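Dock chain U against the given chain R, drawing on the hints supplied.
Protein chains: 2
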Amino acid sequence: MKIMIDAFGGDNSPEEVIAGTLLAIKEREDFTAVLVGDEDIIKEKLSGYTFDSSRVEIFDAKDVITCEEEPTVAVRRKPDSSIVKGIKELKENDEIKAFVSAGSTGAVLVAATLKLGRIEGISRPALCPALPTLSGGQVFLTDSGANADCKAINLVQFAVMAAVYAEESGIKDPKIALLSNGTEDEKGNALNHEAFPLLKGLKGINFIGNMEARDILSGKADIVVADGFSGNIALKSIEGAAKTVMTAVKGAITSSLRGKIGGLFVRKPLKGLKDTLDFNNKGGALFLGVNKPVLKAHGSSKRIAIRNTVLQAVSYAGFDLKDKIKNKLESTGASLLV
Amino acid sequence: MKIMIDAFGGDNSPEEVIAGTLLAIKEREDFTAVLVGDEDIIKEKLSGYTFDSSRVEIFDAKDVITCEEEPTVAVRRKPDSSIVKGIKELKENDEIKAFVSAGSTGAVLVAATLKLGRIEGISRPALCPALPTLSGGQVFLTDSGANADCKAINLVQFAVMAAVYAEESGIKDPKIALLSNGTEDEKGNALNHEAFPLLKGLKGINFIGNMEARDILSGKADIVVADGFSGNIALKSIEGAAKTVMTAVKGAITSSLRGKIGGLFVRKPLKGLKDTLDFNNKGGALFLGVNKPVLKAHGSSKRIAIRNTVLQAVSYAGFDLKDKIKNKLESTGASLLV
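Taken in order, these protein sequences are the chains called R and U.
If you're matching positions, the first sequence starts at 1 in the working numbering and goes up one per residue.
If you're matching positions, the second sequence starts at 1 in the working numbering and goes up one per residue.
Just chain R, same shape as in the assembly (with noise of 0.2 angstroms):
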């Protein structure tokens, strides 16, 4: 099995994605990466590591997509750029069973729904990160971001297809709940109040009905759905002000001599805490929907979080998403709703 690696992707690429994906390949023993990106400076950047070069494998593309370009434009103009170019092998190549890219993600999400295709009867392919729960678990929050503006039948599709991702997961009927402004079954905006019947009326879908914001980390629900645009002030929002608080307690704590005597005792497992919570650290999000598993890190990505989006990879090459969302459909009554 092989997974392709975009080596041009990311704030610190190529360096700390080549080191990640070196690091995920001393982790297990069953995939072969494939960087995809500039052959040259690929190769001179390897020669500073000692590692199995049978499992490493590069693959040339001479362009890059920058953050900066508009994505469709970008994907039309540069078909020799590491995402495009890596997104099309993997749609051509039976071997490779996963994409990860920390590059633009728009550029990643139009050239997926391109190039690899939708799983037949999406409509729109959806950004799906897990973020870590009060309870230790975590909580898949999707459309985190590809879609902007969507329609109630798309809510629909992105429950159904988390719940697949969600099962594959290990998680057990799954419970769904759909982001609102109140946990009441009448708040919402238009969209919201359009979608909430259509979720609850789906065989098979343990749908909990709204949830307000403040609980998306609570842990009562597996599965939030939001239009991509909520999601995604969701997903930022919470980002923040994990973050905020974190240098606030930081600062707290320094701020007194007492304090950083305090400090040296607490250091140990608030840099636990603070890893617990970097959820970007942990891995990708998936964009759910399309013919084979893309996974999407952070921007600013180093090697832990490369690291730990390709062994994502990995197993989700394991995963049979486009059957089960296809039989999903079927068996929810998604499929009638279309």
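None of these hints come from the bench; they were simulated from the model.
Same chains, same names: a pair is fine if it fits in one copy or spans any two.
The list that follows gives simulated cross-link-like pairs (lysine-lysine, DSSO-like), each with its CA atoms no further than 27 angstroms apart: (1) K250 - K220; (2) K200 - K172; (3) K250 - K282; (4) K203 - K324; (5) K151 - K322; (6) K274 - K250; (7) K243 - K220; (8) K271 - K282; (9) K203 - K151; (10) K250 - K271; (11) K151 - K326; (12) K324 - K91; (13) K88 - K322; (14) K282 - K243; (15) K220 - K324; (16) K282 - K26; (17) K250 - K268; (18) K322 - K175; (19) K243 - K268; (20) K97 - K302; (21) K175 - K326.
Being a predicted model, the structure only gives us computed values, none of them experimental.
Below, chain U alone, put in the same frame as chain R:
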């Protein structure tokens, strides 16, 4: 000057509302508190305290609107409720300068809009809380939940109203950002795409462009404008994440003996931080756009939160929001966009 306070609003009413009101009159001497609600119960509760009785009045209202009731129906059916009667008196009595409630947000908004009326030229009033920023300042987030569905002109009016509010609060030439799913000008959903050029075109408004949710608390903007659905998601995501992290910090510290020892040293700074972050404790959200100041305290408010919201109301009594908003709609050119 008198401030009307809903004695029967919020999870901890009337006890904590009365206690908080009495704390507020101790803090400032320039106002009289008018407690609206069942006179007999308020009298009985007040009898447990020593206070300057010349500064506390009771305005009898026998009925109460609960959070479970549908706001529009409740406001129509319960003219003798503390919310409806209190806001009606606010309108009719020149001596009363503001209304404070920790009760049903929906009922307060509906009653304020219907009974007080909107400021001339404003089509939708908006909730505007202040959140603490990393830099020690504050950021106004509006609309944080009054309008689940908005048009671009509503967002423009939120920006103009919040600019006046920020200026009255002492912030010169406030920086205004539009909440979006990216920082680039072309990011956003259909609503944002329509609102962005309108905001950019306003005269005398310091519009700094799109802002991601992760930067709300950064201090880069004084005002963040959003539709009431997204704004609510952002507000509650921040609230939930901050609470989750503080709980996790406590858990991490007390998880080991070593941590517990350190915890004794850092307890005080962390308690201080918790108070800083607990923005619901600092005061209420102003309901921007109605003819007199209405402040909504959090439903879970205890005496300190009530005290702070009442003191906030006293300060706002000196604000000239009504005329200044009318003028600013003209001077910015916002009035031409309707």
